[in-house]
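> Residues per chain, in single letters:
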Amino acid sequence: MHNSTKKWLAIKFSSVILIPLMFWFIVNLTSIYDEGYTEIVNFFSKTSSKALYSLFLIAAFSFFSLTISEVFEDYVNNEKIKNVATKILYLFAIVIPSITILSIFRLN
Amino acid sequence: MYEKNPLSPHLQIYKWHLSMILSITHRIIGVVNSVAMILICLWTTSLLFGEINYETIKVFFQSFFGKLLIISLSWSFSFHMLSEIRHLIWDLGYGFDLKISKITGIITIIGSLALTVLIYSLGKNLI
Chain R
1 MHNSTKKWLA IKFSSVILIP LMFWFIVNLT SIYDEGYTEI VNFFSKTSSK
51 ALYSLFLIAA FSFFSLTISE VFEDYVNNEK IKNVATKILY LFAIVIPSIT
101 ILSIFRLN
Chain B
1 MYEKNPLSPH LQIYKWHLSM ILSITHRIIG VVNSVAMILI CLWTTSLLFG
51 EINYETIKVF FQSFFGKLLI ISLSWSFSFH MLSEIRHLIW DLGYGFDLKI
101 SKITGIITII GSLALTVLIY SLGKNLI
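Protein sequence lines correspond, in order, to chains R and B. Each step along the first sequence adds one to the number in our numbering, with nothing skipped, and position 6 is 6. Each step along the second sequence adds one to the number in our numbering, with nothing skipped, and position 117 is 117.
Isolated chain R, as found in the complex (with noise of 0.2 Å):
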């Protein structure tokens, strides 16, 4: 299989997993966003919460970084300037939500 058809696949994967677990979180954010603090650690606590969260941050850093990596190949005309953008966004994609998820993980 051509890697532009992978990553178009992994593209429409992500994006099918994402939508739900978007649907999902933006509804709770919605309804916590404004409470106390131990309100909001109460709901990051429980194991359904942890795990659909870790799914989402994995699900959206994923769409995302592969959609944006997309709009590099459009817009970047410089062949090294582009491969550092996407290297470096292929990075923070795995960095960041890594230590949300075992921020989560900490919390009781």
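Each hint should be verified, as a subset may be incorrect.
[What the hints assert, rightly or not] The calculated lysine-lysine pairs, modelled on DSSO-like cross-linking and capped at a C-alpha distance of 27 Å, are:
(1) B:58 - R:46
(2) R:50 - B:124
(3) B:67 - R:50
(4) R:46 - B:124
(5) B:102 - R:46
(6) B:99 - R:50
These aren't lab readings, by the way, just hints derived from the structure by calculation.
Put chain B on the given structure of chain R with help from the hints.
Only chain B this time, still in chain R's reference frame:
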């Protein structure tokens, strides 16, 4: 010479139409949502620093600007979800007809506003 060639999707050449506006908006909203995801991660991680340190964030979220941010985020997520469903339908081979494409475009715009109201109402137990 090569580096001065216009790149896809040739924004400065074609006349703007609904599908083009939605396509560009989809990309811009995608970038906006990516930045929002980073802020959401920072917000979540900030919980580790304890209740006292969270007070400033709580005060912001309870202000008018906090509510505005969440409503804006609800719209940008809603738009992205509906626009992505539209793209998935295209990927299955449906909805390419010009008239259908315009209808689904309008549904995406109006639907994103309706979905924002629905999300906020569900979140705040208003329905």
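> Each hint needs a verdict: does it hold in this structure or not?
Each hint, compared with the structure:
1. B:58 - R:46: Holds, because 21 Å separates the two Cα atoms, which is no more than 27 Å.
2. R:50 - B:124: Satisfied, since the Cα-Cα distance of roughly 21 Å is no more than 27 Å.
3. B:67 - R:50: Within the cut-off at roughly 24 Å; holds.
4. R:46 - B:124: holds (20 Å)
5. B:102 - R:46: violated (43 Å)
6. B:99 - R:50: violated (43 Å)
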